[in-house]
Amino acid sequence: MSATDAFASPNLAEVDRQMNFCNACRYCEGLCAVFPAMELRRVFTPGELDYLSNLCHNCGACFYDCQYAPPHEIAINVPVAMAELREESYARYAWPRALAPVFARNGVWLTVGAALFVALFIGGFMAWKDPQVLFGVHVGEGAFYKIMPHYGMVGLFGAAFLYAIVASVMSLVTFWRAAGPIEGLSAISVARAMHDAATLRYLDGGGMGCMHESERPSDRRRLYHHFTFYGFLLCFAATGAGTLYHYAGVEAPYPYWHPVVILGVLGGIGLIVGPLGLLATRRERDPAITSANADGSARDMGTAFIIMLVATSATGLLLLVLRATPLMGITLALHLGVVFALFVSLPYSKFVHGIYRFAALVRHAHEQRVAHGAPAAAPAPAAERRAA
Amino acid sequence: MKRPTAPPGALKVDVLVAGGGNAAMCAAITAARNGASVLVVEKAPKAWRGGNTRHTRNMRVAHDEGNGILTGPYPFEEFWDDLQRVTKGNTNEELATLTLERSKELWDFLWAQGVRFQPSLGGTLSLGRTNAFFLGGGRSMLNALYRTAEDLGIDIRYDTELIDIDVEDGFFTGATIRDGDGTHRVEARGFVAASGGFEADLDWLADAWGPPAKNFLVRGTPYNTGSVLRLLIDKGFDQIGDPQQCHCVAIDGRAPKFDGGIVTRLDCVPFGIVLNAEGERFYDEGEDFWPKRYAIWGRLVAAQPDQVGHVLIDSKSINLFMPSVYPPERADTLEELCQKIGIDPTKVAETVATFNAACRGSHFDHTVHDDCHTEGLTPPKTHWARPIDTPPFYAYSLRPGITFTYLGIRVDREGHMLFADGAVSPNMFAAGEIMAGNILGEGYLAGIGMTIGSVFGRIAGQGVSTYVRN
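These protein sequences, in sequence, are chains A and B. End of the first sequence = 388 in my numbering, gap-free, step of one. End of the second sequence = 470 in my numbering, gap-free, step of one.
Worth flagging that the hints you see were computed from the coordinates, not collected in a lab. One or more of the hints may lead you astray.
[Claimed, not checked] Output of the computed footprint for chain B on chain A, the stretches with three or more beta carbons under 8 angstroms from beta carbons of chain B:
1) 60-66
2) 202-208
[What the hints assert, rightly or not] Under the rule of at most 25 angstroms between Cα atoms (straight-line distance), these lysine to any residue pairs were calculated in the SDA-like manner:
3) 46/B - 73/A
4) 257/B - 6/A
5) 257/B - 286/A
6) 292/B - 21/A
7) 214/B - 73/A
8) 340/B - 6/A
9) 316/B - 247/A
10) 257/B - 14/A
11) 46/B - 282/A
12) 316/B - 350/B
13) 46/B - 216/A
14) 46/B - 286/A
15) 46/B - 69/A
16) 292/B - 39/A
17) 46/B - 209/A
18) 46/B - 288/A
19) 46/B - 21/A
20) 340/B - 397/B
[Stated by the list, open to error] Some but not every residue of chain A turned toward chain B, in silico, with C-beta under 7 angstroms:
21) 20
22) 21
23) 24
24) 25
25) 26
26) 27
27) 29
28) 30
29) 31
30) 42
31) 71
32) 73
33) 284
Keep in mind the model is a prediction, meaning the values are calculated, not measured. Idealized CB from N, CA, C, for every residue including glycine.
Please model the complete structure; the sequences and the hints are all you need to start from.
Structure representation (structure tokens):
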């Protein structure tokens with residue numbers, strides 16, 4: 001049933017239109033999670049369409065495999081339709097709602113935020129401390145805290161991080177509810193979703209590989225996403241370990257061999273290689289499957305987030321190199337400003353894709369279990385098998 | 001064999017393949033792997049390459065045991081019985097045996113070319129044992145074949161049409177092709193025709209069907225105009241298969257003229273009544289389950305005025321079948337509905353009243369052959385007959401949709417094309433829909449078109465490359 005008029009946005013109406021065609025064809029069923037999820041429904045509520053759009057990894061395989069892709073008059077282009085709805089959905093579930101417009105000009109807001117907080121940290125250090133302290137050489141345990149006291153860092157960043165968590169959770173709850181209630185969510189479904197997220201199982205075209213440049217499969221997006229994701233986790237682990245060491249009485253800066261530094265350096269490298277690689281794959285991407293939003297302009301939240309991640313890791317590694325020089329103070333301000341901006345912008349940046357996608361994977365694992373009495377169908381391993 | 005000297009500007013190649021679908025690419029890949037240089041001329045632009053393979057999703061293959069995706073064995077004998085049943089014995093036994101035997105090799109062959117498989121799609125469980133489904137469908141399968149062909153150095157030209165071939169004493173000596181820059185001469189020592197049927201040429205169809213053919217919808221590619229088939233017939237090759245025959249099904253009347261493919265199917269007929277443009281019923285809508293009847297409804301609708309049928313459904317039945325991609329017309333009264341679809345309300349009111357009064361039976365069940373039928377009505381509705389009386393009312397339109405044609409060129413077991421006098425051309429081969437009529441004289445078996453295409457594509461590729469190397 002066409003319900004174009006019933007949808008609040010053209011992006012919802014377009015995904016609804018395309019899903020109605022896809023549901024009558026189903027050739028792409030084995031490619032990813034979106035199509036099996038679609039098949040459980042005949043009509044789609046706006047919340048369910050948002051769910052499907054966040055289940056899509058923008059892999060591209062279904063476009064090249066589609067007999068109805070443009071220039072066909074039916075014009076099915078699931079990667080683009082899903083990408084545009086997905087980005088719209090981020091604003092729809094933003095908390096507080098008043099900050100939803102941040103998504104529309106994400107690049108501008110993230111840049112302004114980063115610049116503002118860097119300036120505030122430099123200005124703050126200048127105002128609080130004698131410039132001689134700021135530009136002095138500090139080495140040994142507690143050197144960073146001569147610039148900014150530890151309790152100040154913990155208080156400020158703890159508050160920012162807490163805010164990011166609260167805003168993200170509030171958004172997640174709204175997103176989850178919009179797709180409808182589910183009953184009897186089991187730990188198995190959550191574990192399945194964690195596995196699928198950790199392995200990027202659906203960024204694989206069902207075993208054939210996914211596409212971004214042409215109909216030739218490429219695993220580069222998957223590889224660089226792994227660098228980014230695990231780099232992020234390692235940096236997070238470094239921060240956590242650093243906190244534990246601090247309260248155990250060992251203060252930063254740590255020597256190069258220290259676990260905190262090793263975790264941070266590895267994570268930092270991941271967070272440089274991964275995002276830069278992703279940026280390259282965005283440039284190489286076939287214009288036919290590129291959303292109009294991914295144009296490098298202010299509305300291009302993917303590029304904005306990638307640059308924030310690179311800035312975070314680059315300033316962190318710079319701090320490691322310059323920590324025994326007079327530039328340490330200013331580099332610290334630079335790093336802390338960027339990290340602070342990253343933290344407060346998390347709920348209003350491309351970062352939210354991780355939250356919504358994971359939630360979508362959980363829902364998918366759950367509903368496939370309910371529908372088929374088993375985990376989501378596993379086309380990839382099965383496709384590896386050969387005839388005797 | 002002495003190579004003729006090519007005129008300036010001519011393309012020189014060992015093997016010329018006309019067409020760009022499954023059969024053409026299997027032939028080109030096999031020939032290239034056997035050491036031949038190959039030129040593929042595909043009439044369609046790149047975005048539309050591959051003919052009707054674009055719209056396929058599986059291939060029927062014989063196998064002695066399941067393999068995790070194919071759910072169980074499908075032995076040669078069972079495949080043979082299925083083929084005999086649908087063709088009513090109208091098949092060349094030697095070629096059919098060869099096709100079915102060699103279908104066992106196709107899974108591994110296609111896998112080696114990069115094609116991947118998946119379990120049967122939702123709603124097609126009945127084919128899960130017999131048919132290998134392509135991961136991502138026919139276009140994904142084609143993409144894999146084209147990638148392999150490119151990697152093998154095969155010269156693939158899109159927007160390029162074969163317009164003439166030179167045949168001397170039964171030997172192929174060269175061809176003329178046309179692209180955006182004009183016509184070009186091709187010097188090749190072997191030729192494979194794998195360019196499909198003529199189902200997209202409505203004028204040709206009109207020769208067989210008369211003017212109503214102009215109103216047919218073509219479910220597949222608009223590029224299957226049969227120009228190479230016509231060329232070969234004109235050169236004296238032996239045609240096989242009934243030119244009057246085509247595989248014609250009833251599909252949604254609002255489907256695109258070409259290339260509508262799978263999504264244009266409409267499953268509502270058994271749940272309502274079907275009227276022609278004059279507001280009259282013309283066939284038993286409840287004779288059997290729709291998958292067993294949609295093929296005859298193509299011909300039934302083709303025989304009606306303006307080649308159109310209108311399915312009337314009331315709100316009791318609207319949610320009992322897979323929704324179509326095109327929404328039905330809807331109205332609170334039959335009169336208003338008739339105005340929307342442009343048929344005479346008075347006549348329809350009379351037809352519906354007569355039908356409603358004839359309905360008998362009370363145990364409606366669309367999953368079995370139930371007892372709801374008409375009495376004293378011509379034509380009857382033998383199952384699922386319930387009065388059309390509960391508004392809102394809905395209307396869908398039906399039109400004949402052509403899938404493929406049966407007319408082709410006679411071949412031998414090496415894939416050589418035969419002349420009308422029985423002589424064999426040593427270096428001209430055929431594969432795919434253009435010769436499928438040798439095996440599929442009538443009827444249809446899901447996925448067998450692809451089987452014939454791959455088996456004979458490989459045979460033709462092997463034959464032509466062996467010829468050019470000697």
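We went through each hint and held it up to the structure:
Remark: the segment 60-66 of chain A is confirmed as covered by chain B, as 5 of its residues place a Cβ nearer than 8 angstroms to a Cβ of that chain, reaching the required three. Counting residues of the segment 202-208 of chain A whose C-beta lies closer than 8 angstroms to any C-beta of chain B gives 4; at least three are required, and the coverage claim holds. This hinted pair checks out: residue 46/B and residue 73/A have alpha carbons roughly 16 angstroms apart, not beyond 25 angstroms. Taken as a hint, the residue 257/B and residue 6/A pair is broken in the structure, with Cα atoms around 29 angstroms apart against an allowance of 25 angstroms.
Taking the CA atoms of residue 257/B and residue 286/A, the gap is near 29 angstroms; set against the 25 angstroms cutoff, the hint is violated. A C-alpha spacing of about 23 angstroms is found between residue 292/B and residue 21/A, which places the hinted pair at or below 25 angstroms, so the restraint holds. Taking the CA atoms of residue 214/B and residue 73/A, the gap is about 21 angstroms. The hint holds against a cut of 25 angstroms. Note on residue 340/B and residue 6/A: the hinted pairing holds, with a Cα-Cα distance of about 23 angstroms set against a maximum of 25 angstroms.
Distance hint between residue 316/B and residue 247/A is unfulfilled; the C-alpha atoms sit about 71 angstroms from each other, more than 25 angstroms. Taking the CA atoms of residue 257/B and residue 14/A, the gap is about 23 angstroms. The hint holds against a cut of 25 angstroms. A distance of roughly 24 angstroms separates the Cα atoms of residue 46/B and residue 282/A; the hinted pair therefore holds under the 25 angstroms criterion. For the suggested pair residue 316/B and residue 350/B, the alpha carbons sit about 21 angstroms apart, so the restraint of at most 25 angstroms is met.
Distance restraint check for residue 46/B and residue 216/A: the Cα-Cα separation of roughly 14 angstroms lies within the 25 angstroms cut-off, and the hinted pair is therefore satisfied. With a C-alpha separation of about 15 angstroms, the suggested pair residue 46/B and residue 286/A falls inside the 25 angstroms cut-off, and the hint holds. The straight-line distance between the Cα atoms of residue 46/B and residue 69/A is roughly 13 angstroms, inside the 25 angstroms bound, and the hint therefore holds. For a cut-off of 25 angstroms, the pair hint linking residue 292/B to residue 39/A stands: about 24 angstroms separates their Cα positions.
Simply put, residue 46/B and residue 209/A have alpha-carbon atoms about 21 angstroms apart, close enough for the 25 angstroms limit, and the pair holds. With a C-alpha separation of about 14 angstroms, the suggested pairing of residue 46/B with residue 288/A holds against the 25 angstroms cut-off. A hinted pair counts as satisfied when its Cα atoms are at most 25 angstroms apart, and residue 46/B with residue 21/A qualifies at roughly 23 angstroms. The straight-line distance between the Cα atoms of residue 340/B and residue 397/B is roughly 12 angstroms, inside the 25 angstroms bound, and the hint therefore holds.
Residue-level restraint check for residue 20/A holds (minimum Cβ-Cβ distance to chain B is 5 angstroms; threshold 7 angstroms). Contact between residue 21/A and chain B, as hinted, is supported at the beta carbon level, the nearest pair being about 5 angstroms apart and thus within 7 angstroms. Hint status for residue 24/A relative to chain B: holds, with the closest Cβ pair at about 4 angstroms, below 7 angstroms. Because the smallest distance between the Cβ of residue 25/A and any Cβ of chain B comes to about 5 angstroms, under 7 angstroms, the interface hint for this residue holds.
Hint on residue 26/A holds. Least Cβ distance to chain B is approximately 5 angstroms, under the 7 angstroms limit. Given the 7 angstroms rule on beta carbons, the hint for residue 27/A holds: about 3 angstroms separates it from the nearest Cβ of chain B. For residue 29/A, the interface hint holds, since its Cβ comes within 7 angstroms of a Cβ in chain B; the closest pair sits about 5 angstroms apart. Proximity of residue 30/A to chain B holds as hinted, the smallest CB-CB distance being about 3 angstroms (cut-off 7 angstroms).
With a least beta-carbon distance of about 6 angstroms to chain B, the hint placing residue 31/A at the interface is held under the 7 angstroms criterion. Here the hint on residue 42/A is kept, as its CB sits about 6 angstroms from the closest CB of chain B, short of 7 angstroms. Because the smallest distance between the Cβ of residue 71/A and any Cβ of chain B comes to about 6 angstroms, under 7 angstroms, the interface hint for this residue holds. With its C-beta approaching chain B no nearer than about 6 angstroms, residue 73/A sits inside the 7 angstroms limit, and its interface hint holds.
The restraint placing residue 284/A at the interface with chain B is violated, with a minimum CB-CB distance near 17 angstroms, outside the 7 angstroms limit.
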